[in-house]
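Enquirer: Chains as they are written, first to last, in the UniProt record's numbering: chain A, 1 to 374; chain B, 1 to 337.
In case anyone wonders, no lab produced these hints; they're calculated from the structure. Since we're looking at a predicted model, the values are computed, not measured. A hint or two may mislead.
[Claimed, not checked] Rough simulated footprint, nothing fancy, chain A against chain B, three-plus residues with beta-carbon under 8 Å: (1) 43 to 49; (2) 65 to 79; (3) 128 to 139; (4) 318 to 330.
For every residue, glycine included, the Cβ atom is placed at its ideal position computed from N, Cα and C.
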Amino acid sequence: MIQPFTPEPIRFVAEDGTPVQPLPERFTPALLRELHALMLRAREFDRKLITLLRQGRTTFYAQSSGMEATQVGLARSIRVGHDWVWPYYRDHTLGLAMGVPMAELLSQCLGTNSDPSRGRQMPHHFAAQAQNFVSISSSIASQVPPAAGNAMAQKYLGVDEITVCTFGDGATSEGDWHAGLNMAGAAKAPAMFVCENNQWAISTSIREQTASETIHIKAKAYGMPGYYVDGNDIVAVMEVCAQVAGQIRAGEGPALVECLTYRVGSHSNADADAEKHYRTREEVEEWLGRDPITRVEKLLEKLGHPVSAEERADLIAQTHREVDEQVLKAEATGQPDWRIIFEDVYADLPGHLRDQEAFLRAEQTAQAGQGGRA
Amino acid sequence: MTATQERHTDAAATRTINLIQAVTETIAEEMERDSRVVLFGEDVGARGGVFMATAGLQERFGPRRVFDTPLSEASIVGAAVGMAVRGLRPIAEIQFADYMGPGFDQIISQAAKIRYRSGGQFTAPLVIRTPSGGGVKGGHHHSQSPESYYTHTPGLKVVMPSTPYDAKGLLRSAVRGEDPVIFFEPKRLYRASKGEVPAHDYVVKFGEAAVRREGTDLSLIGYGGVMPDLEKAADALAAEGVSVEVIDLRSLVPWDKDRVLASVEKTGRAVLVSEAPRISNFMGEVAYVIQEQVFDSLLAPVGQVAGFDTPYPYVQDKVYLPGANRIVAACVRALNY
Ligand SMILES: Cc1ncc(C[n+]2csc(CCOP(=O)(O)OP(=O)(O)O)c2C)c(N)n1
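Using the sequences and the hints, build the whole thing.
Expert: See the structure below:
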C-alpha cells in the first residue's frame, strides 16, 4: 500500500529508465507501449496546435508538453464515463487519454459548428458529456468547490463513482481551493484532488506562490491524506492515482495527490517568451532531461521491448494526419452564427432576451441585405 | 475646461503615446513622487504584466515596491486594504476584470466600507487597476465589463479612461485620492488609443466628463472601450448633416450629471452607449436621471445601446459588441421619433 506524506516524490522509474522499485505486475510492455503512444500522441497534438496558432486558425492554446505522464497516468487510473472530472484549462492531454474524440477537442479550439460547446468559450476550454468531463472554466480554482459538491452528491446518491478535480500549483493559493478541500474533507466526500504542479503560474514560481515546502502537505489541514508523486513517471502517477481512487471509492474520503512535473513550453501563446522574462534556459534543459516520454522509451528498451524509430515516426505521422483531417472537417462545418449568443443562457428564452434576439435578427438581416456586416 | 481644450493650451510640450504607455508612465511617476506607492499583483514583476503594463517597473523600483503575489485576488485586494489602512498607497493589478470575482468580497466588504463603518477612523486609499471589456477574442472570461457591480457599491470610486491623456490624469487622481478606486482599463484600446499628453503634471478630476465634440442635435454619451465607435457614429451622422455632441463620462462614480444634463437640455436627445449587459447597466442610472431632471427638454425617449444580457461569446464577439452601426441606428431612431 502506498503511504501518504512521503518526504520525496514517489517514483518507480528513474530518469534513465531504470526501475527503482519493482514495477506492479500490470505494467507489462504492452501497457507501457500503449501509455507511451498516448503520451506521444498528446505531445504531437501540442505541436500541431502551435502550428494552427501561427496560422491564425485558433487564438489561444495552453501546451501540456512535459506534463503528459501526469495527465495520461491520471486518465488511466479512473473509470472513464463513470467517474466525474472537473478539469482545468491545461487538460487536453487528460481529455484525449480519457477518449474525448480529437474531433471534438479541435472543434472547440477552432470554434466551429461541430464544437459541442457552440463556440462560446475561448479555445482550449472544452466539455465532454460522454466522459463526464465538465466544462473548463478559465477562472482559476473556481472548479474546486463544485467538484467537492459533485462528490458530495455521489455520496448522497450512494453511487460508487468518484470525482476527480485537477488544477495547477497556482490554483492552490485561491480561497476557492481551500474552501473546496475543506468542504470535501468535512463531508468525507469521494473526491480526488490532483495538483499538476508544473512549478510556474505564468511567471510566478512555486517559491513565490507559497511558503509551504510542498503542495501535498496542505492536505493535512483538511483532514485528508496527501500523496507526493513524481509526475514525470507515468508508472508512479498511474499506480498512486489508481490506489488512491480505489481507497476513495471504498469510502475512505477525499485525498490530495501532488504530481511534481514541469511545463517545458510557455504558459500560453500570450507568453511565448518565458525564458526571456522569468526563467532560465538551464532550468528548462534540466527538466527536458526528465522527459516523461523518453523515460518510458528507456524503460521499454531496458525491458527488451524498445519502440523502434519507425514505430515512433509512424505514430507521429498518424497523429499529424489525424489532426490535419479533423481540422479540415471541423472548419468545413463553419462558424456558429449570431444565434448562439442567445441560446443556452437559460433553459427557456425569457422575454427580454427574445426582444434582444429579435433586434439582432433584424439588424443582421438588414446588413445581409446590404451585402455586408458591421 | 474640457480635456480637449486643455490639450490645446499645452500643445508646445506634448508627446503622443498610447493608453498602456500612459498607464506605465503614470505608475512610474507616482512611485517616483511618493515612496508610499507600491505595486503588486499576478505577474506584474519580472514578466511586466500579461499586457506589459508594468514592464520595467520592478527593475526600476526593486522587488520591495513592485512584486508578484500568490494567485489569489482575495489576497491581493485584501492585502491592499491592509496596506492602505497602515499608510501605504497600494496599486493592485487584477489580471483581468473578469477575475475580480475571488476578490469581490474584499472589495465590497472591506475596501468600500472601512471608512464608513469606522466613522472615518480608518480609510483605504488604494487603486485596483484592471483590464476590462471585449473585442480581443477572449471569450467570456477575458472580455466582460463588470463595472456595474462596483458602481452599485457605495464607497468605491469607479473610473474608465478612453484616451492616454485621461488615463494619466485619472490614474494620478486615483493614486493621490483618499478613497478606494476601481480603475478599469479598456484593453482593446491599450494600443489602439493614441493621443497627446502634456509633459507637466496634471490631474483629471473624477466627476468631470469630457466633451469630445460639440453638437446641437443629439448627445451621444459613453465611456471606455466604446468611445472610438461613438466617434465613428458621430462622423457618419455628420456626413448626413446631423450635429452630434459626443461625451465621454470618464468616471462613473462620481459622474458628471451637470454636463450630461446641460448637453441633453441643449440637444433634446440622448443615446447612451456601453458594452456591458443591459440589465442594471450603469447607463440605466444616467437615463433615469435625464428623464427625471430634464424631461421637458426631451424630444425623444433616451436611447440605449448596450451589450446583450448573455455571457460574452467567443465566436460572434464582434456582433455582440455595440459597433458604430448599431449606435447610428439608435441615433436615427431618436432623431426620427
Ligand atoms: C481567478 C483567476 N485569476 C487570474 C487568472 C489569470 N491566469 C490564467 S492562468 C494563470 C496561472 C495559473 O497557474 P497554475 O494554476 O499553476 O496552472 P498552470 O498554468 O501552471 O498549469 C493565471 C494567473 C485566471 N485565469 N483566473
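Enquirer: Give a verdict on every hint.
Expert: Evaluation of the provided hints:
no.: 1; hint: 43 to 49; verdict: holds (count 5)
no.: 2; hint: 65 to 79; verdict: holds (count 8)
no.: 3; hint: 128 to 139; verdict: holds (count 3)
no.: 4; hint: 318 to 330; verdict: holds (count 8)
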